[in-house]
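Full structure from sequences and hints, please.
Keeping their order, the protein sequence lines are chains D and U.
Quick note: the first sequence uses the working numbering, first residue 1, plus one each step.
Quick note: the second sequence uses the working numbering, first residue 1, plus one each step.
Calculated from the structure, these hints are not laboratory results.
All values derive from a computational prediction rather than experimental measurement.
Treat each hint with caution, since some may be false.
Unchecked claim - Distance condition first, Cα-Cα at most 30 Å in a straight line; then the derived BS3-like pairs of lysine-lysine:
| # | chain 1 | residue 1 | chain 2 | residue 2 |
| --- | --- | --- | --- | --- |
| 1 | U | K284 | U | K183 |
| 2 | U | K200 | U | K149 |
| 3 | U | K62 | D | K103 |
| 4 | U | K338 | D | K142 |
| 5 | D | K142 | U | K62 |
| 6 | U | K264 | U | K244 |
| 7 | D | K41 | U | K200 |
| 8 | U | K338 | D | K147 |
| 9 | U | K244 | U | K186 |
Unchecked claim - Quick partial rundown of chain D residues pointing at chain U, CB under 8 Å, derived from the structure:
| # | residue |
| --- | --- |
| 10 | V4 |
| 11 | I83 |
| 12 | R149 |
The C-beta atom is built at its ideal place from N, Cα and C for all residues, glycine as well.
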Amino acid sequence: MLDVSALQNQFGAEIAFSEFRDNRRVTVPAASLFPVLESLKNQHGFSMLIDITAVDYLESEGATDRFGVVYCLLNMQSGERLIVKTFVNDPDPVLPSAYSFWKGADWMEREVFDMFGIRFDGHPDLRRILTPDEFTSFPLRKDYPLKGRGERHNFPVLTRAES
Amino acid sequence: MPLTFAETTPADAPEQEYLWTLNFGPQHPATHTTLRLILTLDGERVVNAVPHIGYLHSGFEKLGEHLDFNQYVTIVDRMNYLSPMANEISWHHAVEKLLGIELTPRCKYLRTILAEIMRIQDHLLNVGTTALDLGAFTAFLYCFTQREKIYDIVETASGQRYHTSYTRVGGVLFDVNDAWIDKVRKFVKELPATHAEVHKLLTRNRIFIDRTKGIGVLSTEDAINMSATGPIARASGVVRDLRKDEPYLAYADLDSTFQVVCAKAGDCYSRFLVRMQEITESLKIIEAAIENIPAGPVNVDPGTHVVIPSKPAVYRSIEGLIQHFEIIMPNRGYEVPKEELYAATETANGELGFYLVSDGTTRAYRARTRPPSFIHFALFPHMIRGHQLSDVPAVLGSINIIAAELDR
Chain D
1 MLDVSALQNQ FGAEIAFSEF RDNRRVTVPA ASLFPVLESL KNQHGFSMLI
51 DITAVDYLES EGATDRFGVV YCLLNMQSGE RLIVKTFVND PDPVLPSAYS
101 FWKGADWMER EVFDMFGIRF DGHPDLRRIL TPDEFTSFPL RKDYPLKGRG
151 ERHNFPVLTR AES
Chain U
1 MPLTFAETTP ADAPEQEYLW TLNFGPQHPA THTTLRLILT LDGERVVNAV
51 PHIGYLHSGF EKLGEHLDFN QYVTIVDRMN YLSPMANEIS WHHAVEKLLG
101 IELTPRCKYL RTILAEIMRI QDHLLNVGTT ALDLGAFTAF LYCFTQREKI
151 YDIVETASGQ RYHTSYTRVG GVLFDVNDAW IDKVRKFVKE LPATHAEVHK
201 LLTRNRIFID RTKGIGVLST EDAINMSATG PIARASGVVR DLRKDEPYLA
251 YADLDSTFQV VCAKAGDCYS RFLVRMQEIT ESLKIIEAAI ENIPAGPVNV
301 DPGTHVVIPS KPAVYRSIEG LIQHFEIIMP NRGYEVPKEE LYAATETANG
351 ELGFYLVSDG TTRAYRARTR PPSFIHFALF PHMIRGHQLS DVPAVLGSIN
401 IIAAELDR
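See below:
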């Protein structure tokens, strides 16, 4: 089991720990995310990155930050899971990339960028992945309507003669 | 001779004039669904592959924020449509974990049996189509004959052959009857014969071995570092199976009946072998579970106010009608903790997880899916580099990409 106080001693007391069901979570300020991930990978044995995702807290009551970015980690030796959470805000949501620790972060970060517009510094190839390159919005943000903003209608129509 | 592993070229090798580019997909029989690869070739050797995905992106996760926990099951179905019920079980596993509901023993066993049947269904298709892509048509037909029987089993349980939408919060849509149990028993008895035939057709087939052995090698370190799970990781020597490591449903009871299947080589051939052996292990689980399926109610106690009452109760009693109304109406519903959690199950393709954020209503505030296909497809350029063009379908088949799950 990860000793959270060791992390707190090393990276400051802002690192908060919480638990729900069997999920163990640490909340880390964005500034110390990179060293914390590094320490989790190299010192605490979290060798596998299960998932990176983000949550837009725009419509959430009582939320102070806009985006939460979630890293689900797994220790392959002990089978322990840990969720690392951090917050970023408009107008320039940017985080350091975890690609240098886990190569699996590549497409996960691209998806978060595509869906939420959160940039990852140091990512080798940060492009849109699911939506077309010409797409301008970030569909999973809460201010993006379910039916879209008419992007579909603005794509040029190819006729058979042109194709 | 593809038996020796070809020398790989690093991704940052200088662009050379004699390299040429080949567009593969989005509409190509070997992609099975809609995905596209830009291959850089040196003669017939693949120097680099750049996947382009998103052709089937239809905003499932956005829909998950607008549909309630029971409605979203119809969407989750359509992610990995080769084993639809496994997705439903995984989704409601996450929801029930969030709500803190303990399922009834009968429901646990029923879902376990169905999850294993889905694993067999997925593996049969994968083995069949991989062989088909490599030119072995017969094995494909053998596998699909058995898949038809699985459709029948699923239809008897849920009334639907394909997109079943069978699970509900706290239980399932209908309980199963004895006829269904007999059908499963019959299937468990019949499948080993087909399984043995497919083994005979492929496992020692010279052409099949030449096409798959030493192709698309993924080392143990890379498998862990690049987040591979499921049969792909296990074929690379990663000993991890959520059914053993984090038992859910009835797997804790059935722990002694099955083993985790692993291989060391990490190539397409060992992925095929792992899948074939997993079918056998799944059969053992089903065999043990179907004989020990407990009697009793399949849904949790209606007093918990999360489970939709049965249709006869809704139509014939005022209490049932009111409860149905309370659950279905958008401004009613049940109490959901204002929390977030990650929950995962082992599906045929790997770890299918859901990161659920709740705002206290019966709709998820955020319903993130961790799709195994998406994470495995990111491995593809790494696996194919240095191999021949004709190995592309072999590797694509062996990592079992389902574009609907890939793009969501």
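Hints, one by one, checked against the model:
Proposed proximity of K284 (chain U) and K183 (chain U) is supported: the alpha carbons are some 16 Å apart, at most 30 Å. Straight-line distance between C-alpha atoms of K200 (chain U) and K149 (chain U) comes to about 21 Å, which keeps the hinted pair within the 30 Å bound. For the proposed pair K62 (chain U) and K103 (chain D), the alpha carbon gap of about 27 Å is at most 30 Å, so the pair holds. Distance restraint check for K338 (chain U) and K142 (chain D): the Cα-Cα separation of roughly 18 Å lies within the 30 Å cut-off, and the hinted pair is therefore satisfied.
In summary, the hint linking K142 (chain D) to K62 (chain U) is supported, as the alpha carbons are separated by about 9 Å, within the 30 Å threshold. A distance of roughly 19 Å separates the Cα atoms of K264 (chain U) and K244 (chain U); the hinted pair therefore holds under the 30 Å criterion. Taking the CA atoms of K41 (chain D) and K200 (chain U), the gap is near 44 Å; set against the 30 Å cutoff, the hint is violated. For the hint linking K338 (chain U) to K147 (chain D), the alpha-carbon distance of about 27 Å falls within 30 Å, and the restraint holds.
Of the supplied pair hints, the one linking K244 (chain U) and K186 (chain U) holds, its CA atoms being roughly 27 Å apart against a limit of 30 Å. Because the closest C-beta pair between V4 (chain D) and chain U is about 18 Å apart, greater than 8 Å, the hint is violated. The beta carbon of I83 (chain D) comes within 6 Å of a beta carbon in chain U, closer than 8 Å, and the hint placing it at the interface holds. A cut of 8 Å between beta carbons decides the hint on R149 (chain D): the least distance to chain U is about 13 Å, and the hint is violated.
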